[in-house]
Amino acid sequence: MDGKGAYYVAKRQIFGVGANMLLLSVILFIVEFVRGAVLVSLLPIYGAETLGLSPDVIGVAISAHYITDTLLKIMIGYLLDRFSPRLIVQISLIVALAGVYALQFADLPWMFIGAAAIYGIGMSPIWIVCLTKVTDEHRATQMGYLYTVWLFGLGSGPIICNILLDYSSAMTYNLLILLSAAAVVLSFFMRGGRETAVLNRIPIREQLTALRERIIAMRLLLPGMILQTVGASMLIPILPTFATNKLGLTGAQYSILLTAGGLCAVAGMIPMGKLSDMLGGKRWFLVSGFASFAIGLYLLAWGLSFWYCFVIAVVLGLSYAAILPTWNAMLASYVPPKQEGIGWGLLSTFEGIGVMIGPILGGVLALWGGETTVFWTSAVLFGLIGVYYSTLKQGGVH
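Those letters in the sequence shown? Residues 1 to 398, per my numbering, in order.
Derived by calculation from the structure, the hints in this document are not laboratory data. None of the values given here were measured: they were computed from a predicted structure. The beta carbon of each residue, even a glycine, is placed where N, CA and C say it ideally should be. Incorrect hints may have been included.
What the hints assert, rightly or not - Computed beta-carbon distance windows for the label pairs:
id: 1; residue 1: G251; residue 2: Y308; range: 18 to 24 Å
id: 2; residue 1: T250; residue 2: A182; range: 26 to 32 Å
id: 3; residue 1: L384; residue 2: P271; range: 24 to 30 Å
id: 4; residue 1: N245; residue 2: R212; range: 46 to 52 Å
Unchecked claim - Cut-off 20 Å, straight-line C-alpha distance, at most; resulting in silico cross-link-like pairs (SDA-like, lysine to any residue):
id: 5; residue 1: K246; residue 2: L304
id: 6; residue 1: K246; residue 2: Y308
id: 7; residue 1: K246; residue 2: S54
id: 8; residue 1: K246; residue 2: W376
id: 9; residue 1: K274; residue 2: S288
id: 10; residue 1: K246; residue 2: F310
Model the full assembly from the supplied sequences, consistent with the hints where possible.
So, in structure tokens, the structure goes:
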């Protein structure tokens, strides 16, 4: 390749992805920014303080969001293998915008839950579309890039939302509406080609057979796949109230902890992915990451002072950075070639089972035994996952 050709390749690609993927990354950031703000801050705070809802109702609303998100993943994966990704993403983002807009009318519990469920319908496609763009070479590195975008959006959403809520709830809500509308507008600039649909029109029976074989091969990973999302998502309904009631944090201090953990996770994501690629070993990355996460959650539940919590937040962020790229790069090896849409849809559905259960379980545990019980239960789950993966041999995680 001559110098001019190399220049244009470099110009078109960053982290191994082209201009369309970069646009998808921007949309992904906006979508996850709004999702983080809605799920971690707006729904728990608005539900508890404005509507006076109990933790179990808030947990049901958050679970409703993830239930609709998860149930659609298989169908959307199937559609992405046959239709233009631009059309699927556009429709889903319009539905997501409708869900966020409906929250202002959710003054009854069933409306509150319904709006969250509608919002979940629009969340599936963009992430799966991004995953289908990951190449076989340097999977963990590219997964690290995607998760950096995802986590930066998901983490910065509640941080900024918490600060703005101290000044004006109306301004905060309007910002989320405008960002959701901006994501819809950006989706119209995606390439609308149908070449992927043409290449991937493999009969559904053949696709399901190939996927069934992959699921049988990865059966030892399934317990951890579900339990890790249960352990993480059960914390969502109680995080803001736990920070206030148990840790005694102000809104600014809570935002600082979220920022510290998020920045460490974002900063560590790509280096951890590259290190995993270099060392060629996934098992002990997962074991150490889950073990550190369990210890951090256990210590956080004791209600320590702010600076201890700050250190714990840093450890949790780095643990997260060690887990995510390695875990998803490992999952990518189980996706059949030329069936990425339905493959990632199915795997995401398995992961989503835990997210459907977690918020309800967290809300019920908080109502029954207090918010500290939720943290201890989550810590135990992550600890058990780490122990489980440490016992797997070559046929499981290696």
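The hints, checked one at a time:
no.: 1; hint: G251 x Y308: 18 to 24 Å; result: holds, 19 Å
no.: 2; hint: T250 x A182: 26 to 32 Å; result: holds, 31 Å
no.: 3; hint: L384 x P271: 24 to 30 Å; result: holds, 28 Å
no.: 4; hint: N245 x R212: 46 to 52 Å; result: holds, 47 Å
no.: 5; hint: K246 x L304; result: holds, 9 Å
no.: 6; hint: K246 x Y308; result: holds, 14 Å
no.: 7; hint: K246 x S54; result: holds, 17 Å
no.: 8; hint: K246 x W376; result: holds, 14 Å
no.: 9; hint: K274 x S288; result: holds, 17 Å
no.: 10; hint: K246 x F310; result: holds, 15 Å
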